[in-house]
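We have chain E; now place chain H onto it with these hints.
Now for the letters of each chain:
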Amino acid sequence: MIVAQRKTVPELMEILQGHPRLLVLGCGTCVTVCLAGGEREVSIIASAIRMASRLRGQPIQVEELTIERQCDNVFLEQAAEAIERNSAVLSLGCGAGVQALAERYAQKPVYAGLDTAFLGILEERGIWTEKCSSCGACVLHDFGGVCPITRCAKHLLNGPCGGSRPDRCEVRPDRECAWQLIYQRLKDIGQLDRIKKIAPPKDWSTSLDGGCRTIIREDHRI
Amino acid sequence: MKPTSRLATKIDGKDFIITAEYLPPAAVNGAAMDAAAGSFDDRIAAVNVADNPHGIGVSSLAASVMLSRAGVEPVYQIVTRDRNRIALQSDLLGAVCLGIQNVLCLSGYHQALTGCPESAHVYDIDSVQLVAAVNAMQHEQRLIDGTEIKGEISFLTGSVANPYLEPLELNILRLTKKVQAGSRFIQTQAVFDTERFDQWLSAADGEAIPAMTAILAGVLPLTSADEAERLRETYTDHHIPDEVIQRLRAAGDGASQAKEGLAIGAEIIRKLKNCKGLRGIHILSGGKESLVGDLLAAAGL
Chain E
1 MIVAQRKTVP ELMEILQGHP RLLVLGCGTC VTVCLAGGER EVSIIASAIR
51 MASRLRGQPI QVEELTIERQ CDNVFLEQAA EAIERNSAVL SLGCGAGVQA
101 LAERYAQKPV YAGLDTAFLG ILEERGIWTE KCSSCGACVL HDFGGVCPIT
151 RCAKHLLNGP CGGSRPDRCE VRPDRECAWQ LIYQRLKDIG QLDRIKKIAP
201 PKDWSTSLDG GCRTIIREDH RI
Chain H
1 MKPTSRLATK IDGKDFIITA EYLPPAAVNG AAMDAAAGSF DDRIAAVNVA
51 DNPHGIGVSS LAASVMLSRA GVEPVYQIVT RDRNRIALQS DLLGAVCLGI
101 QNVLCLSGYH QALTGCPESA HVYDIDSVQL VAAVNAMQHE QRLIDGTEIK
151 GEISFLTGSV ANPYLEPLEL NILRLTKKVQ AGSRFIQTQA VFDTERFDQW
201 LSAADGEAIP AMTAILAGVL PLTSADEAER LRETYTDHHI PDEVIQRLRA
251 AGDGASQAKE GLAIGAEIIR KLKNCKGLRG IHILSGGKES LVGDLLAAAG
301 L
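Quick mapping for you: the protein sequence lines, in order, are chains E and H. Quick note on our numbering: the first sequence kicks off at 1 and runs consecutively. Quick note on our numbering: the second sequence kicks off at 1 and runs consecutively.
Just chain H, same shape as in the assembly:
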């Protein structure tokens, strides 16, 4: 069945698409969720709900449902780190029953990079195989083991890509498989170096990828030089150039650095808007949801 979510409709259209991100904390009183939900207005097509990227928080499925009840369309993120194919598909069936329409498939940060480095992982299947599994659930109405699914599924399925993954040939090979598996949208890791991002987009275009999937460039509003350095040192998928960190530091005190971070983000968004083949941006606001509005205002969106 064709996906009918708000994000799916936007992808079928021509408008510049904006998605954002919500990182459910380890909080069960709902206040944190309400505050976050209030940060997302109509300009945001949908909000990704992260699946425990840095440690344990409210489950992405539960938080997606809660966000949906608060009037925000969720993109249910699901990582292959913590669940085997039984649990993944079971949760996906549950997500359909709960009205979830968008799903983003990832392998997820290795548990060594989370607050629980001692835990075991699963990695029964990888993100490409998960995208393919979601696609089979949807178009063939069957699970990986061949079990027939009763009822129709209309997920909009997406995955992620790192524009800075080298070598480029390997990067595009991986991206092509994600698209072939059925990813209808691709959200990227944070873009700072727009020139290199453009080279990646051109290479993707060489494989006709932007014609098959909606690419949304990640934009990360940095709040300080220290934060940028910490991210760069901890996560190898973050490519934050020295110039960005120097610019943040040169801005002065905390408030000035945060302001500069928004200015940098806004400049990047303006540059990205001119990228041929790019359908929109994905604001990597996880944990800093209140910055979304400020960033969009700074970018004049």
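Extracted from the complex, chain E is given alone in its bound form:
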């Protein structure tokens, strides 16, 4: 899922200056699961903005709404009336949701209430970790299901760097070295040979380096 975290209230107050009526719009998908932008967080952020704006002497009237998916026009329609009656929207969706809103409601200021962080998983209660960089050409089959592009801080494809330790990455003590995990996993499944040949330079044109990406499924456009 997409993992995001909330911007701080002072940051939001800086962003929201000058709007008397604000819609705080949550999203019921990824950001609800990662406890950043669902119904519950909409309520918390809305209350915080009401209080902070009152303390500043410029009260903002805040409306709350959460829709199923902000990145889908079908669901965005459900917010049309609420968007219309407010002077701005604070989206608690991911970056895709914010932009979908801004594109659809061209005359309405739309602001991001979250910092969208990564594609990842819930590791344990309250801890999310990044697993995928969306490079557009998955290599997980060669690396035992551990992504060296995302999880190695240097995207190394031919083995660990000299700073690798069994219990940590060179960069941070609380991060495992992807190559230690790749090695152990491939050893466990009897596929160590997969990393013995030299991996050639990766084609990054399918990744963000090739520019913003579009997928067109002709079979679904009939």
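A short list of chain E residues far from chain H (calculated; beta carbon distances all over 10 Å):
id	residue
1	Leu16
2	Glu39
3	Leu65
4	Asn73
5	Val74
6	Ala80
7	Ile127
8	Cys135
9	Ala137
10	Gly190
11	Gln191
12	Arg217
Stretch by stretch, here's where chain H covers chain E in the computed footprint (C-beta under 8 Å, at least three residues):
id	segment
13	149–163
14	175–183
15	195–201
Some but not every residue of chain E turned toward chain H, in silico, with C-beta under 8 Å:
id	residue
16	Pro166
17	Arg168
18	Glu170
19	Val171
20	Trp204
Derived by calculation from the structure, the hints in this document are not laboratory data. As the structure is a computational prediction, the values presented were derived from the model and not from experiment. C-beta atoms are modelled at their ideal positions from N, C-alpha and C, and glycine is treated no differently.
Structure of chain H alone, referenced to chain E:
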């Protein structure tokens, strides 16, 4: 084309090889370079010119050329952290034009460990792929994208290895790829625990690596216990045993600790000289070039 640099000739010979390291500072007046160049005499086969390992200094290509003009043979270090395959290969072609003959390919410390942790990195290719790219430039006269290179290239290409990287099987797997990609010499991270270094060298020997590439063991002249602790805490590729730090601290004041650091380095060099399959040492003198002569004197070289 076969490499003809001084270092290449030494590698083809039998002598114990000594290389050292120069860390170009953020200084453009040439005085720092002259002082450093003066620290390297004939005993040193070649001097590595570091590519911004800890922060920004004079570019390793420019400093390599300057060192060469000062009469010291450079090993041009190039890291994949800051340049994509376009810039790396362009700089390598430029290096050939400027007379550079030795090149050392590394991934480089992550920028989080440098003075510029906020910067973006590149890591388009890794060090193994860079070694392979240099090899293709040299032997197939082509760039990664297939572009033909006009003119001949005779680089002596090397890379680095950490003898203490665990597990050993993964360590040797990585080393083997570096050698297969075309590394003709391997310089290691600093050796303190010579017993473990020997185990690593034996494992490398098991894959016939010393027969294919010249391994030069890193020797780091420590100047104080505090420095050793700081290095050990900051860089996970540094394996400095507690005993070394205790010995430095027990030596007493600053000057005594620096003297003890040289004594430790000299002892290590003497032990390394007996290691089967080792072709020489690489003095990790970066930023402390004046210590090179003192260390060699202490080691009786």
